[in-house]
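K.L.:
Please dock the two separately framed chains into a single complex, following the hints provided.
Chains as they are written, first to last, in the numbering used here: chain A, 91 to 203; chain B, 10 to 122.
The set of hints was computed from the structure by calculation and includes no laboratory data.
Remember, it's a predicted structure, so these values are computed and weren't measured experimentally.
It cannot be assumed that every hint is accurate.
[Stated by the list, open to error] Cross-link-like lysine to any residue pairs, in silico, SDA-like; alpha carbons within 20 angstroms at most:
{"no.": "1", "chain 1": "A", "residue 1": "LYS139", "chain 2": "B", "residue 2": "ASP105"}
{"no.": "2", "chain 1": "B", "residue 1": "LYS18", "chain 2": "A", "residue 2": "LYS139"}
{"no.": "3", "chain 1": "B", "residue 1": "LYS66", "chain 2": "B", "residue 2": "MET36"}
{"no.": "4", "chain 1": "A", "residue 1": "LYS139", "chain 2": "B", "residue 2": "TYR73"}
{"no.": "5", "chain 1": "A", "residue 1": "LYS198", "chain 2": "B", "residue 2": "ASN115"}
{"no.": "6", "chain 1": "A", "residue 1": "LYS198", "chain 2": "B", "residue 2": "VAL97"}
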Amino acid sequence: AQSVTQPDIHITVSEGASLELRCNYSYGATPYLFWYVQSPGQGLQLLLKYFSGDTLVQGIKGFEAEFKRSQSSFNLRKPSVHWSDAAEYFCAVAGDSNYQLIWGAGTKLIIKP
Amino acid sequence: NAGVTQTPKFQVLKTGQSMTLQCAQDMNHNSMYWYRQDPGMGLRLIYYSASEGTTDKGEVPNGYNVSRLNKREFSLRLESAAPSQTSVYFCASSADRGNSPLHFGNGTRLTVT
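So that you can see chain B by itself, here it is in the shape it has in the complex (with noise of 0.2 angstroms):
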C-alpha cells in the first residue's frame, strides 16, 4: 500500500551541483506532477506529466528538468542547484486530469548552501 514514494527524504547540496529527486508511484496513474513548497506560498507547480510520454512545464519551471520513465516513475533533475531551490519538494500523481483527486508522497526537504 505505498502510493506515492519519493527519494531522498532530505539531501543537501552546495551551490552549483546537480542532483536527481526520485518518485514512483504504484497506483497506476495516468498524470504526476512535481511541487515545491516554500512558507507562505502554498504549492507552486514546477512540471507534470498528463500521461506517459509527455510533460509540460507548470508555473516555475526554471532551473529543473523532468523525466517521465514510464506510467510509474517521474524524476525530477537539479542541473545546477541554487540556494533559491532550497525548498521541500513534492511529488503526487492523479487518475486523469486536474478535476482528479492529488496523491502526494511525503516530501524532500532540500538545502542548498
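Here chain A stands alone, though its shape is the one from the complex (with noise of 0.2 angstroms):
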C-alpha cells in the first residue's frame, strides 16, 4: 500500500542547532516528493519538491531535503533553526498521473530559546 511515514510527532530543538526531520514513504511508481510548512493558524506552503535529477533539493528558508532511493526516504534538513521555524512539517508523495497526494502525518517542531 501507498502510505508516508514521519516517524516524529514532535521534535525540540534549540535555536541555532541543526535539524532533521525524516520522512520515508511507500509508493509503487515513480515518485514526486514534496515538504510542505504549517505555521499556526495558516495554510500549508510548499518548502521544496523532488521531481528527478540531482537527490538534494534546496527550498526556501534555507531547508534542503535529499532523496535516498535505497531507503525510501525524503529526509528534510536544515543547518541551523531559527525561533520561526516553528511550524508543523509535512512530507507528501504523488505520481505523476494522479491527483491525490498521500501525506504524512506531520511533524511539530518546536523551538528552545
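P.N.:
Here's what the structure looks like:
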C-alpha cells in the first residue's frame, strides 16, 4: 500500500542547532516528493519538491532535502534553525498521473530559546 | 496577490444544519481540492476537481458535496452537519495533476455541536 511515514510527532531543538526531519515513503511508481510547512493558524506552504535529477534539493527558508531511493526516504534538513521555524512540517508523495497526494501525519517542530 | 481565498474563517453549526464553504483562486489553476485536517491524521482529501466541469471523490467524501462553479471557484457543502465533521477545512489549487505543487488557503475552522 502507498504510504508516507513521519516517525516523529514532535521534535524539540535549540535555536541555532541543526535539524533533520524524517520522511519514509512506500510508493509503487516513480515518486514526486514534497515538503510543506504549516505555521499556526495558516494554510500549508511548499518548502521544496523533488521530481528527478539531483537528489539533494534546495528549498525556501534555508531548507534542503535529500532523496535516497535505496532507503525510500526524503529527509528534510536545516543547518541552523531560527525561532520562526517553529511550525508543523508535512511530507507528501504523488505520482505523475494522479491528483491525490499521500500525506504524512506531520512533525511539529518546537524551538527552545 | 490573493492566491487562494476561503470563507468563512470560522463557523459553528448545530447538528443537522447545512452550510457551504467557499473557495476562490486567482492563479488560473486548473485543479482544485478540498481537504480536512484533524490532529494526528495529516490531511485527507475530500473531493477534487481536476479541471472545470469535473469533480471526483477523494479519500473521505461521505457527508459532503462539491461544485466547481467556474475555473476560479470550488465550493464544499455540508448538507446535514454531524459532530464528526468538526475539523479544519482547507481549499487548495494546483496548475495541473498531483505532481504540481499545491497552493493552500488559510482554512475554515468548523465546529459542529
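K.L.:
Taking the numbered hints from earlier one at a time, note which ones the structure violates and give those numbers from smallest to largest.
P.N.:
Hints 2, 3, 4 not satisfied by this model.
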